[in-house]
Amino acid sequence: MDILSIKNLTFRYNDKFIFDNFNLSIERGSWVTIAGSNGAGKTTLVKILAGLEKSYSNITIFGLPLNKKNVYDIREKIGFLFDTPDNFFACETVEDELAFSLENMAVAPKTIRKKIKEVSQKLNIDSLLKENPSNLSGGEKQKVALACALMLEPRILILDDALLMIDVNERDDILKLLKEYNEGKRVTIISFTHDLYEAKYSDRLVVLNEGIIIIDGKFPWVFNEERVMRKIGLEVPFAVELSQKLKVYKIIDTLELDLERLVSLVCK
Amino acid sequence: MQVEFKNVSFYYNYNMKDEKKALSDINMYLQSNLIHGIIGSIGSGKSTMLELMNGITMPTSGEITIGKYELFKKSFKFNKFRYDVGLVYQFPEKQFFCNSVGEEVAFAEKIFNPKNKNIKTKVVKVLKMVGLDKTYLKRNPSMLNGGEKRRVAIASVLISNPKLLILDEPTIGLDNNSKKNLMDLLRILKEKYLKTIIIVTHDVDMLYEIVDNVVVLNKGKIVVQGNKLDVFSNVDLLDKNNAPVPSVIRTEKIIYDKTGVDLGYLPNMNSLVRAIKSAIEKNKFEDQKKAVPYE
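Just so you know, the protein sequences line up as chains R and L, in that order. Throughout the first sequence, residue numbering follows my numbering, covering 1 to 268 in sequence. Throughout the second sequence, residue numbering follows my numbering, covering 1001 to 1295 in sequence.
Some clues are possibly wrong.
[What the hints assert, rightly or not] Reference listing, derived: stretches of chain R covered by chain L, where coverage requires no fewer than 3 residues with Cβ under 8 Å from a Cβ of chain L:
| hint | segment |
| --- | --- |
| 1 | 32-41 |
| 2 | 134-142 |
| 3 | 167-173 |
| 4 | 237-243 |
What the hints contain is simulated information worked out from the structure, not anything from laboratory work. Don't be surprised by glycine CBs; every beta carbon is placed ideally from N, CA and C.
Just chain R, with the same shape it has in the complex (with noise of 0.2 Å):
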């Protein structure tokens, strides 16, 4: 069942046709990773989902179509997550910060330092909850961000680039701690990103260029048109690439998205 579905979206910015008559569904408890090059239309469609941009389309989240009278509803159950969390931060310390949305939707103390010490734990970031979250580094900020946004227990969690400053050795704790979320707890994640390494994790990749959808589909079938996806710009995860150029001297015949797996394939 599709938990979010966007049917004939035209939008514009000035005479710029972003999209035009663009259509995309998600289905319940999936994760979707949306790629695409600067300006292929990713942030804009995030504004529209978070009913900051006007749009003409029919779009229905929940089974509720997405207009002013359900966009508060709808708001509620979904995590947004942006690429620079500085604009967002509103308290003294990550552990206010933590707290902040569940005291104004009036949750016990009890109950909200109780989730508090749970989320910080899985993020590992139970060091910071004393600290101002204007001293942390980029990519601590993009953790307390994330841990705030898993604190309402979303529905959708939409991240737009919202892991660009993590580090390549933590990126992999953090997107196993989104799947551990994706699969028990059936949050739907949809991730906006040029990093395609998170395909790993995703259960569908669709490729945006321009406002149309040029490709969709599982990995690792989609890497097939990986051609395609260097051509507008998206950078292709190492393992892969170092794949497709042993698989044009026949060292191996299929593309891998893990260094150690690739090269137990190239040595045996």
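Fit chain L to the known structure of chain R by using the hints.
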């Protein structure tokens, strides 16, 4: 323009309740006319170091010398220093406020050098340096794509002709083509315009291709610094300190651990593919596997 740190430490909120150590006892020397990279895990002090270099924050203790400037000494003059050191922030395009690219780029020159009557020629020259032509002058910066915006931001720093260019995560948020163009631009700035460039980043694959020297930070301390080959070849040390490792080197390391074959210095992916191909043709992987039990 060389950069020298002598016993530099920095604390956020020094002497206050929520004091936090960001850098401790940093000693380093960055030569002029090279590209230097600063890497480290999140919260290791990269961005703080960069703010110190630009004189935005004052070190809690220690001395910083950049070219002829001794920062925060009595003789130190900020306005001249600002002219010589250009800082490009993370997402610099978010600071745009003019209606046209021409005005945006000219802004610093108008302030530093109000008597200059040839600002327009200078703007055109700087735009050419970053690979944008005259047609961009009248365009609205907010309507450009990510890569172009980043170029305009770099141009608006280059207008004051800085000898030292500091970039904080220059490739963040850029797609692959824009990234490649930016790397070419940085190379040209170093080779043709003789700039010293310092890049703070966690995009090590990009860094590995263009950088000369690397400084690795962890928890506010320098773990290792020096030539990129010396630094990156020490994968175990980098892993121990949560520092990122370039994918080419990571692959070589996995191959070495599995088979004992050392593929040597490989500057990029194409050379890696060639090395693997020739190793397979010469049956190196097979030979080494047989050899290991007898060692």
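Against the structure, the hints:
1. 32-41: Since 3 is at least three, the answer is holds.
2. 134-142: This one holds; 6 residues, not fewer than the three required, reach chain L with a Cβ under 8 Å.
3. 167-173: n = 4 at 8 Å, threshold three: holds.
4. 237-243: n = 4 at 8 Å, threshold three: holds.
The earlier numbered hints are all upheld by this structure, with none contradicted.
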